[in-house]
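Please work from the sequences and hints to get the whole structure.
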Amino acid sequence: MQTTLMGIIITEAKKSDCFSKENVMRKYSYLEHICDIRLKVEADSIEELFEGALDGMNSIIMGGPVENTAEDIRKRICVESVDFTCLLIDFLSEVLLLTHSNYNIFCSMDIESLSATRIEAVLHGFPVEGFDVDIKAVTYHEAEVLKNEEGNYESVIVFDI
Amino acid sequence: MVKITDMRKKAPYMWEIEKGFRSDMNVPARIFATREMLDDVLKDRSIEQLVNVATLRGIQSAAIVMPDVHEGYGFPIGGVAATLWPSGVISPGGIGYDINCGVRLVKSNLELSDVKSRIKLLGAALYTCIPSGVGKGGDILLSESKLDEVLKHGARKMVQKGYGVEADIEHTESHGCLENADPAMVSHHAKKRGEDQLGTMGAGNHFVEVGVVEEIYDHECAKAFGLFENQITVLIHTGSRGLGHQVATDYIKIMMGKMRDYGIVVPDRELACAPFDSPEGQNYFAAMAAAANFAWANRQAIMHSVRLAWRDIFGGQLEDLELLYDVAHNIAKIETHIIEGQPKKVIVHRKGATRAFGPGNPEVPLDYRDVGQPVIIPGSMGTASFVLAGANRSMELSFGSSCHGAGRQMSRSEAKRRVDATSIINELEHRGIHVQAGSLKGVAEEAPEAYKDVEEVVNVVHQVGIAKKVARLRPLMVIKG
Chain G
1 MQTTLMGIII TEAKKSDCFS KENVMRKYSY LEHICDIRLK VEADSIEELF
51 EGALDGMNSI IMGGPVENTA EDIRKRICVE SVDFTCLLID FLSEVLLLTH
101 SNYNIFCSMD IESLSATRIE AVLHGFPVEG FDVDIKAVTY HEAEVLKNEE
151 GNYESVIVFD I
Chain X
1 MVKITDMRKK APYMWEIEKG FRSDMNVPAR IFATREMLDD VLKDRSIEQL
51 VNVATLRGIQ SAAIVMPDVH EGYGFPIGGV AATLWPSGVI SPGGIGYDIN
101 CGVRLVKSNL ELSDVKSRIK LLGAALYTCI PSGVGKGGDI LLSESKLDEV
151 LKHGARKMVQ KGYGVEADIE HTESHGCLEN ADPAMVSHHA KKRGEDQLGT
201 MGAGNHFVEV GVVEEIYDHE CAKAFGLFEN QITVLIHTGS RGLGHQVATD
251 YIKIMMGKMR DYGIVVPDRE LACAPFDSPE GQNYFAAMAA AANFAWANRQ
301 AIMHSVRLAW RDIFGGQLED LELLYDVAHN IAKIETHIIE GQPKKVIVHR
351 KGATRAFGPG NPEVPLDYRD VGQPVIIPGS MGTASFVLAG ANRSMELSFG
401 SSCHGAGRQM SRSEAKRRVD ATSIINELEH RGIHVQAGSL KGVAEEAPEA
451 YKDVEEVVNV VHQVGIAKKV ARLRPLMVIK G
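Order-wise, the sequence lines are chains G and X. Letter by letter, the first sequence follows residues 1 to 161 of my numbering. Letter by letter, the second sequence follows residues 1 to 481 of my numbering.
These aren't lab readings, by the way, just hints derived from the structure by calculation. Just so it is clear, the structure is predicted and the values come from calculations on it, not from any experiment. Please note that a few of the clues may not be correct.
Unchecked claim - Selected chain G positions facing chain X (Cβ under 7 angstroms, derived; list incomplete):
1) 33
2) 34
3) 86
4) 90
5) 101
6) 136
Where a beta carbon is used, it is the ideal one built from N, C-alpha and C, also for glycine.
Dropping the structure here:
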C-alpha cells in the first residue's frame with residue numbers, strides 16, 4: 001500500500017513473519033531519500049520499537065521481510081548509549097556488525113533488560129549466503145525516539161547504503 | 001525551510017546564504033550552481049544540511065557545496081568544510097562512512113580499434129577477477145598483523161608486495177598513504193570486516209569502467225596527463241569497504257558520548273564531532289587515516305587485477321597500463337589555506353568532493369605540476385566521465401576542492417519504480433556500452449536518469465575556475481557488483 005505525506009511516498013511494509021506475539025503492534029515503512037534509505041518505525045512499546053527496527057533493517061538487507069526459518073544461532077549482546085535514540089541506533093549498528101562479520105541474519109530476539117541507556121538481549125538468527133543490499137551504516141541522522149499522538153513510539157532511521 | 005530568496009548571487013555560479021540566516025551559523029553557506037540547478041537542489045534537504053554544517057565549531061570562511069550536491073545524512077553530499085586547526089572540530093560525518101571512497105584512472109597505450117573486438121572478453125575477465133557485490137570478500141586474506149601493515153602504509157605496501165610499480169605511488173593523492181595512520185586506533189571489529197575485503201569492489205555505485213577518450217578540451221593538460229583521442233582508459237571507483245564503515249560507526253558513537261563534555265551542541269546528531277586536538281579527535285584522525293590507506297591499497301589491488309586481465313587478453317607488459325591519478329572524495333586533510341589574507345592551517349573535510357590543487361602546488365606530482373592536479377569526475381552508468389585539472393581559483397573559493405561526480409537526482413526506490421533494468425542494459429548495449437552486473441536491481445538504481453547531467457556539473461566548476469576541463473571519456477564497458 002502506498003500513501004503520500006508532504007510529497008513523500010510512504011510504502012507500508014507488512015510485519016515480518018518472524019514476529020508472532022499476540023496483542024502488540026509494530027510496523028515499519030519506507031520514506032523517500034535521494035541516495036540512502038529512510039525508514040520509519042512505529043510500535044506500541046519501546047521493546048516493540050527495537051524489534052520493529054530490527055525487522056526493518058533485515059528487510060533492507062535481504063530485500064524484503066525475512067521469513068521465519070529454523071533459528072540455530074544465538075548471540076547475546078549488550079549495548080550502552082547516552083539516551084533511547086542513540087541506544088536504538090547503536091543497537092542496530094551492533095546487529096549490523098554481527099550480520100556482516102558472520103553472514104548471519106538475526107530475525108528475532110529476547111530482550112532481557114531495556115532502559116534508556118542500556119539493552120541486553122539474546123538475538124536469534126540463521127546463516128545466509130549473501131545480502132541483497134549493502135548497508136554501510138545505521139546513522140543518527142533524523143533519529144528521534146518519541147511518543148506520537150496515538151500514544152505509540154516512533155523514530156525515523158536513515159541507513160547509509 | 002530554505003527558499004531561493006534566501007540565496008544571494010555573489011558571483012557567476014556562486015550563491016550564498018548569509019551567516020545571519022540562522023542564529024547558530026558561524027559562517028555563510030556557499031553553493032556553486034546554475035540558477036536552474038538551485039531549483040532542483042531545494043527539492044531535498046541538502047541546503048538545510050549545509051546550513052547545519054555552517055554551525056560547526058571552528059568552521060572557516062563558508063560551508064560549501066559543489067554543483068553535484070544532494071541530500072546526505074548530517075553533511076550533504078558534495079560538501080566541503082574547513083575547521084581551524086588544532087582546536088576546531090573534526091566530524092566523522094563530514095568524511096562519511098565510506099572513508100576515502102575515490103576514483104583511480106588508468107590509461108593504456110591502445111586505441112579503440114585495438115580493443116573493440118575483444119572488449120566483451122575483457123569485461124568478462126574483469127568481472128571474474130575483481131570480486132564484487134554486497135559484502136563479498138576476495139582472494140587476499142590478511143592476518144591482523146599483515147592488515148596493520150596495510151593500514152599503516154596503504155598503497156605503498158601493495159607495491160612492495162608486487163601489486164604495482166613505483167610510478168603508481170607518485171600518481172596517487174598523498175602517495176597513497178596518510179602518515180598519521182595508527183592501526184591501533186582501528187577496532188578489532190573494523191579489522192575483522194576488512195580482513196578479506198582487500199581487492200574487492202563492493203556494490204552500490206562502485207564500478208570498474210573501460211572507456212575511450214572521446215574529446216580533448218585542453219591539449220596542454222592532456223599532453224601532461226598522457227591522454228590522447230581514442231585512447232582506452234579504465235576507471236576504478238571504490239573505497240575502504242566494511243573496514244571504513246566500521247571505523248566511522250565506532251567513532252561517531254564515541255564522539256556522541258563526549259560532545260557534552262566539550263560543550264558541543266550540534267543541530268543533527270550525525271554531525272557528532274570532537275575538537276581535533278582532543279583525544280577523541282586525534283584517535284579518530286589516526287583511525288580515519290588508516291582506513292584511507294586501506295582504500296588506497298584496495299584500489300591498488302584492483303588495478304593489479306585489471307593489469308593481469310589486460311595482459312591476458314591484449315598481451316604486453318603489466319606496466320603498459322599506467323596510473324594517471326587516484327583521488328579521494330571522502331576524506332579529511334590538514335592543509336594550509338589563505339583565510340582573510342592570512343595563511344591558516346585547517347582541517348578540510350571533503351564529503352563527495354575532490355581535491356583540486358592548481359599548478360605549482362607541491363602536492364601535485366612533478367610531471368603534472370605545471371598544469372595542476374588531475375581531477376577525475378565519473379559520470380553515471382552509461383554517461384561520460386571527465387578529466388579536469390585543478391586550478392588556483394579553487395584555493396580562493398573552495399579550499400582547493402571540486403565536485404566528485406554527477407550527483408543523484410532521483411532516489412533509488414524511484415529509479416527502481418521508473419526504470420526497467422533489462423531495458424537499460426539493452427539500450428546501453430545498443431549505444432555500444434556493455435554492462436556486466438551482478439544485480440539487475442543495482443542496474444536500475446544506478447540508471448543514468450537517476451543522476452544529474454554530469455556535463456552541466458562539470459561546466460559549473462570549469463566556469464567558476466575551480467578546475468578546468470581536459471578530456472571527456474565515453475564508457476564502453478561497465479562492471480558493477
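Verification of the supplied hints:
no., hint, verdict
1, 33, "holds (6 angstroms)"
2, 34, "holds (5 angstroms)"
3, 86, "holds (6 angstroms)"
4, 90, "holds (6 angstroms)"
5, 101, "holds (5 angstroms)"
6, 136, "holds (4 angstroms)"
In summary, this structure violates none of the numbered hints.
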